[in-house]
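Work out the full structure: start from the sequences and follow the hints.
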Amino acid sequence: DYIEQTELRPLTCASRLVSFFCSSQIKFYWNIVSYFGFLWLFAYVLMMDFQITPSWKEYLLYGWLASLVCEEIRQLFDDPDGFGFRRKFKMYISDLWNILDVLSIVLFIIGLAFRLTTALFYAGKVILCIDFIVFCLRLMAIFIISKTLGPKIIIVKRMMKDLFFFMFLLSIWVVAYGVAKQGILIHNEERLNWIIRGAVYEPYLIIFGNVPTNIDNVEFDMSTCSVNGTDPVKPKCPVLNANFTPAFPEWLTIILLCVYLLFANILLLNLLIAIFNFTFQEVQDNTDTIWKFQRYELIKEYHSRPAPPPPFIILSHLYLFIRRVVLRRPPQKHKQFKEELDRAEEEEVLSWEAFMKENHLASSQRDLSQSMERRIQDTSDKVGVMVDLLEGEHDRDSVSMAKRLAHLEEQVSQSTKALQWIMNALKSQGYETQEEAPVLSLEGNPTGTDQAEPQKEKAKEKTEYHVNARRLQYPDSTVRRFPVPEEMVPWEVEFVGYDPPVYNADENTVPAQSEQAGGSDVNLGSYRNPEGRTGMQGKGALNRLGPNQVLDPVLTRWRDDRKSALEFLAVWDRKEGVWTIPGGPVLADEVLPQRLENILDRKLHEQIRDKLVSRAEVNEVYNGYVDDQRNTDNAWVETTAFNIHLDRRGLLMADLNSMAETSRGSAEPVQWQEVSRRTPACAYQREVLRKVAELHDKRF
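Sequential numbering from 1 applies to the sequence shown in UniProt numbering.
I should point out that these hints are in silico values taken from the structure, not numbers from a laboratory.
For clarity, every value in this text was computed on a predicted model and none was experimentally measured.
Possibly wrong hints are sitting among the right ones.
Straight-line alpha carbon distances no greater than 30 Å define the calculated DSS-like cross-link-like pairs of lysine-lysine that follow [to be verified]: (1) K152 x K300; (2) K691 x K382; (3) K88 x K161; (4) K691 x K611; (5) K691 x K603; (6) K403 x K417; (7) K57 x K125; (8) K90 x K147; (9) K292 x K152; (10) K147 x K161; (11) K88 x K157; (12) K403 x K691; (13) K147 x K157; (14) K698 x K382; (15) K563 x K691; (16) K563 x K603; (17) K357 x K147; (18) K152 x K90; (19) K300 x K357; (20) K125 x K234; (21) K563 x K382; (22) K90 x K161; (23) K292 x K90; (24) K147 x K88; (25) K300 x K90; (26) K575 x K403; (27) K698 x K611; (28) K611 x K563; (29) K57 x K161.
Laid out in structure tokens, this is it:
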């Protein structure tokens with residue numbers, strides 16, 4: 001190593017003093033003091049000692065600037081890394097502070113040339129005053145060393161870029177309003193300075209609260225303007241009427257001002273504040289990293305810089321000029337900071353770097369997997385999987401339990417029938433009875449007479465029958481059905497002793513047995529439930545004999561743009577405690593059920609009807625028999641369920657969302673519910689929702 005090969009000797013007092021003043025930190029402090037002195041001298045000359053003949057203070061200022069110019073030239077041509085002049089120039093000009101240095105020097109040279117010319121003396125002073133502003137902006141570079149203020153400089157630089165593009169947007173409104181106002185108020189203004197003042201400057205001042213007074217007639221004064229525009233210090237008067245009052249439409253100029261203030265002051269300025277806030281937050285999140293890079297670049301710059309501050313740095317520049325140009329000696333290289341390796345050693349270094357990179361990535365991944373957030377996420381995923389498994393097991397157990405309860409109910413019904421037969425036998429004073437006693441069936445064993453065996457074997461082909469339609473207690477009444485075992489449901493199976501009551505809810509009469517129904521048997525025999533016996537005859541609570549048509553429109557939408565969940569429009573049934581599809585019975589000439597219009601309103605009802613008629617985004621998901629508690633042997637419910645999928649950004653969707661918000665406190669609240677097995681719904685509608693989920697490729 002270079003350090004091992006170098007002979008180490010103790011530092012003398014002089015060498016310690018030289019090392020102290022040549023350190024980067026001391027150089028930086030000396031340059032700050034020097035730069036403040038330069039700005040003080042520059043300001044003193046501009047404000048108090050700017051004579052036709054330059055004073056000694058002004059000559060000192062010129063010499064001070066010459067030392068700064070020499071330092072910038074040294075930075076441009078100093079190439080210890082051997083990049084080449086072209087690459088070095090690109091690196092130099094890409095730095096914002098170097099751009100400010102070049103701009104300030106060029107402006108100073110131009111101002112000095114004008115200042116030394118008698119005819120352009122004052123113009124030269126104006127240019128030097130503007131150059132003083134650039135030198136003051138360059139002073140911000142000293143804050144880079146601060147961990148607190150350094151990142152703020154980056155924020156200011158980013159905000160300047162945002163402001164530059166924002167000014168294009170703002171200029172559209174400024175010029176649009178300014179030209180329109182100037183054209184309405186002033187007729188044929190020929191003075192360019194007053195045109196710019198009225199079309200650009202005054203609209204720009206309005207943004208900061210300087211509301212103009214020349215847009216209405218209240219404060220008009222002839223003495224403040226020139227009628228023909230001949231007075232160079234007064235604006236031209238607006239177009240006047242015969243009575244010397246402004247002729248422009250006052251209402252129009254006021255409306256234009258209000259619209260301009262609305263967009264420029266409120267909309268655009270708040271947009272600029274939001275842009276600045278985003279930039280600040282983005283840089284603030286990386287404060288430490290930005291400060292380290294800035295500090296490194298600053299230390300690197302002052303490490304290679306000569307020790308004396310301006311203007312004394314000119315002595316170091318003369319020494320470098322004589323050494324490099326006159327004596328043509330090569331530049332000194334700092335071997336402590338750079339060492340060239342041969343091919344084998346370089347390959348070893350690259351292999352070591354690759355190994356350390358992989359080791360670092362593996363360590364980072366291991367730390368991430370062991371972090372508290374990752375453990376919580378893994379636990380949450382496992383709990384979610386367990387919940388899904390438990391819900392699936394619960395659903396399977398519920399179905400099995402429902403079947404067992406249905407079979408138990410059938411056994412109880414047959415036991416009741418058998419007990420009734422025993423009672424009749426006891427009442428008859430002998431062992432013979434007029435009615436054959438029913439036989440109690442065991443699970444898996446068929447019942448009935450030998451003559452019914454072939455029919456029962458045929459009925460076994462269908463293993464599932466309606467359950468709700470055979471519940472003993474008929475809904476909303478005191479009537480009880482005739483018990484029908486599951487194997488006796490098909491019409492093909494002969495059921496000796498089947499004597500169901502006849503019930504019509506709209507007649508409000510006591511239900512009669514079929515033998516006592518008289519001629520009504522002829523009419524009832526014309527209608528037969530396609531799914532088998534139910535234990536009751538007549539219309540029951542339905543509207544008519546035979547099929548009672550029901551339409552169930554399933555209105556669906558995606559919960560969000562990521563299609564995380566499929567939702568349907570549901571109505572809460574307070575009596576049953578479930579969510580239902582907003583459907584209902586329909587007549588022959590109806591497209592949609594009247595209940596849908598009652599739940600929604602006429603406008604939404606018509607929009608949904610138009611979609612159904614046009615068949616736009618409409619898919620039929622089910623059409624057939626419904627296992628309803630109101631079904632009888634002669635009247636049953638058949639439904640047609642169709643799906644209408646709605647666009648989240650459509651007008652109909654907005655109206656439905658508004659209606660759902662307003663219906664929260666109503667008797668039938670309407671809400672969007674997820675198409676899922678966890679949503680409480682009745683049996684047949686749950687099957688409809690499952691088919692809708694399959695239609696949209698979603699898990700039910």
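So, going through the hints one by one against the coordinates:
1. For the given pair, K152 sits about 21 Å from K300 by alpha-carbon distance, which is consistent with the 30 Å threshold.
2. With a C-alpha separation of about 29 Å, the suggested pair K691 and K382 falls inside the 30 Å cut-off, and the hint holds.
3. This hinted pair checks out: K88 and K161 have alpha carbons roughly 25 Å apart, not beyond 30 Å.
4. The hinted pair formed by K691 and K611 meets the criterion: a straight-line CA distance of about 20 Å does not exceed 30 Å.
5. Between K691 and K603 the CA atoms are separated by roughly 29 Å; this keeps the pair inside 30 Å, and the hint holds.
6. Between K403 and K417 the CA atoms are separated by roughly 21 Å; this keeps the pair inside 30 Å, and the hint holds.
7. Distance hint between K57 and K125 is fulfilled; the C-alpha atoms sit about 16 Å from each other, no more than 30 Å.
8. Distance hint between K90 and K147 is fulfilled; the C-alpha atoms sit about 28 Å from each other, no more than 30 Å.
9. Between K292 and K152 the alpha-carbon distance is near 14 Å, which keeps this suggested pair within the 30 Å criterion.
10. Of the supplied pair hints, the one linking K147 and K161 holds, its CA atoms being roughly 23 Å apart against a limit of 30 Å.
11. At most 30 Å may separate the alpha-carbon atoms for a hinted pair to count; K88 and K157 meet this at roughly 23 Å.
12. Between the alpha carbons of K403 and K691 the distance comes to roughly 23 Å, so the proposed pair stays at or under 30 Å and holds.
13. Restraint check for K147 and K157: the C-alpha separation of about 16 Å stays at or below 30 Å, so the hint holds.
14. Proposed proximity of K698 and K382 is supported: the alpha carbons are some 21 Å apart, at most 30 Å.
15. A C-alpha spacing of about 18 Å is found between K563 and K691, which places the hinted pair at or below 30 Å, so the restraint holds.
16. Between K563 and K603, the direct Cα distance comes to roughly 28 Å. Compliance with the 30 Å bound is thereby established for this hinted pair.
17. Only pairs whose Cα atoms come within 30 Å are accepted, and K357 paired with K147 is accepted, the gap being roughly 29 Å.
18. Among the hinted pairs, K152 with K90 is consistent with the structure: their alpha-carbon atoms are about 26 Å apart, no more than 30 Å.
19. Our distance criterion of 30 Å between C-alpha atoms is met by K300 and K357, whose separation comes to about 26 Å.
20. Using a Cα cut-off of 30 Å, the hinted pair K125 and K234 holds, with the two alpha carbons roughly 28 Å apart.
21. As the CA atoms of K563 and K382 are separated by approximately 23 Å, the hinted pair is consistent with the 30 Å bound.
22. As the CA atoms of K90 and K161 are separated by approximately 21 Å, the hinted pair is consistent with the 30 Å bound.
23. Restraint check for K292 and K90: the C-alpha separation of about 23 Å stays at or below 30 Å, so the hint holds.
24. For the hint linking K147 to K88, the alpha-carbon distance of about 28 Å falls within 30 Å, and the restraint holds.
25. Between K300 and K90, the direct Cα distance comes to roughly 18 Å. Compliance with the 30 Å bound is thereby established for this hinted pair.
26. At roughly 24 Å between alpha-carbon atoms, K575 and K403 fall within 30 Å of each other, so this suggested pair holds.
27. With a C-alpha separation of about 23 Å, the suggested pairing of K698 with K611 holds against the 30 Å cut-off.
28. For the hint linking K611 to K563, the alpha-carbon distance of about 22 Å falls within 30 Å, and the restraint holds.
29. As the CA atoms of K57 and K161 are separated by approximately 38 Å, the hinted pair breaks the 30 Å bound.
Of the numbered hints given earlier, the model fails hint 29 alone.
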